[in-house]
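Visitor: Just need the whole structure built from these sequences, with the hints factored in.
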Amino acid sequence: EDQVTQSPEALRLQEGESSSLNCSYTVSGLRGLFWYRQDPGKGPEFLFTLYSAGEEKEKERLKATLTKKESFLHITAPKPEDSATYLCAVQAVGYSTLTFGKGTMLLVSP
Amino acid sequence: DAGVTQSPTHLIKTRGQHVTLRCSPISGHKSVSWYQQVLGQGPQFIFQYYEKEERGRGNFPDRFSARQFPNYSSELNVNALLLGDSALYLCASSSEGAYNSPLHFGNGTRLTVT
Numbered sequence: 347e348d349q350v351t352q353s354p355e356a357l358r359l360q361e362g363e364s365s366s367l368n369c370s371y372t373v374s375g376l377r378g379l380f381w382y383r384q385d386p387g388k389g390p391e392f393l394f395t396l397y398s399a400g401e402e403k404e405k406e407r408l409k410a411t412l413t414k415k416e417s418f419l420h421i422t423a424p425k426p427e428d429s430a431t432y433l434c435a436v437q438a439v440g441y442s443t444l445t446f447g448k449g450t451m452l453l454v455s456p
Numbered sequence: 026d027a028g029v030t031q032s033p034t035h036l037i038k039t040r041g042q043h044v045t046l047r048c049s050p051i052s053g054h055k056s057v058s059w060y061q062q063v064l065g066q067g068p069q070f071i072f073q074y075y076e077k078e079e080r081g082r083g084n085f086p087d088r089f090s091a092r093q094f095p096n097y098s099s100e101l102n103v104n105a106l107l108l109g110d111s112a113l114y115l116c117a118s119s120s121e122g123a124y125n126s127p128l129h130f131g132n133g134t135r136l137t138v139t
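If you read the protein sequences in the order shown, they are chains Z and A. So in the working numbering, spot 76 of the first sequence is number 422, and the numbers just go up one at a time. So in the working numbering, spot 29 of the second sequence is number 54, and the numbers just go up one at a time.
Please note: incorrect hints may appear among the correct ones.
[To be verified] Derived Cβ-Cβ restraints for the label pairs, each shown as a range:
id, chain 1, residue 1, chain 2, residue 2, range
1, A, Lys-38, Z, Lys-409, 38 to 46 Å
2, A, Gly-109, Z, Glu-406, 23 to 31 Å
3, A, Gly-53, Z, His-420, 27 to 35 Å
4, Z, Phe-418, A, Thr-39, 42 to 50 Å
5, A, Asn-84, Z, Gly-400, 32 to 40 Å
6, Z, Ala-399, A, His-35, 26 to 34 Å
7, Z, Thr-413, A, Gly-83, 41 to 49 Å
8, Z, Glu-402, A, Ile-37, 42 to 50 Å
[Stated by the list, open to error] Distance condition first, Cα-Cα at most 30 Å in a straight line; then the derived DSS-like pairs of lysine-lysine:
id, chain 1, residue 1, chain 2, residue 2
9, Z, Lys-388, A, Lys-55
10, A, Lys-77, Z, Lys-388
11, A, Lys-55, Z, Lys-448
12, A, Lys-55, Z, Lys-405
13, Z, Lys-405, A, Lys-77
[Claimed, not checked] Short derived list, chain A residues pointing at chain Z, Cβ under 8 Å:
id, residue
14, Gln-73
15, Leu-115
16, Gly-133
Note that these hints are calculated values from the structure, not bench results. Every residue gets a Cβ at the ideal spot worked out from N, C-alpha and C, and that includes glycine.
Guide: Next up, the structure:
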């Protein structure tokens, strides 16, 4: 059974204080690892897809990396508008469905 | 372009009742998936449809059913509602059956069962 574990469950940062979110996974064969952002009362918003170990993707203050066992979402000099829940999900080879973690709730204070 | 649209946005039902949730995918997307998100948890897969055929079903009871129409919109039906069915129901669409394209989610229907 595919499993995704995200840590920490919640993270509080000061504006400009860089940090990383972790996503550990077990999957029979990884087709893709996805990062989403979810604001309160909204649906998840797609951020990145990573397909193979060593791959990195960047978008503004966010950078996602992937190893064979985990993925990191690095947040550089965050701003209050980066506050949200960040969800990680895996897609197994041969399947199109996603298995999600519980998410990390990020709060960035001014 | 319009994103994934879901209706209604909020719904309150009583135990034992039936509910129908609706979803319109992004124009051109032929795959629709349904996920349930309980407060404090990540979304959990319920169904996927592609070209009007069921492609996958998650670990949910037979009280849950879905279908996809010729225009690729979709309905999720839940019978004999239980208190534990209270959740945010998310619809997502993708092109190419989602094998090489990400899921794009709507803002969900918040279902409360009393």
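Visitor: A separate judgement is required for each hint: does it hold in the structure or not?
Guide: So, going through the hints one by one against the coordinates:
{"no.": "1", "hint": "Lys-38/A with Lys-409/Z: 38 to 46 Å", "result": "43 Å, holds"}
{"no.": "2", "hint": "Gly-109/A with Glu-406/Z: 23 to 31 Å", "result": "39 Å, violated"}
{"no.": "3", "hint": "Gly-53/A with His-420/Z: 27 to 35 Å", "result": "33 Å, holds"}
{"no.": "4", "hint": "Phe-418/Z with Thr-39/A: 42 to 50 Å", "result": "45 Å, holds"}
{"no.": "5", "hint": "Asn-84/A with Gly-400/Z: 32 to 40 Å", "result": "33 Å, holds"}
{"no.": "6", "hint": "Ala-399/Z with His-35/A: 26 to 34 Å", "result": "42 Å, violated"}
{"no.": "7", "hint": "Thr-413/Z with Gly-83/A: 41 to 49 Å", "result": "28 Å, violated"}
{"no.": "8", "hint": "Glu-402/Z with Ile-37/A: 42 to 50 Å", "result": "45 Å, holds"}
{"no.": "9", "hint": "Lys-388/Z with Lys-55/A", "result": "23 Å, holds"}
{"no.": "10", "hint": "Lys-77/A with Lys-388/Z", "result": "27 Å, holds"}
{"no.": "11", "hint": "Lys-55/A with Lys-448/Z", "result": "28 Å, holds"}
{"no.": "12", "hint": "Lys-55/A with Lys-405/Z", "result": "28 Å, holds"}
{"no.": "13", "hint": "Lys-405/Z with Lys-77/A", "result": "35 Å, violated"}
{"no.": "14", "hint": "Gln-73", "result": "6 Å, holds"}
{"no.": "15", "hint": "Leu-115", "result": "5 Å, holds"}
{"no.": "16", "hint": "Gly-133", "result": "5 Å, holds"}
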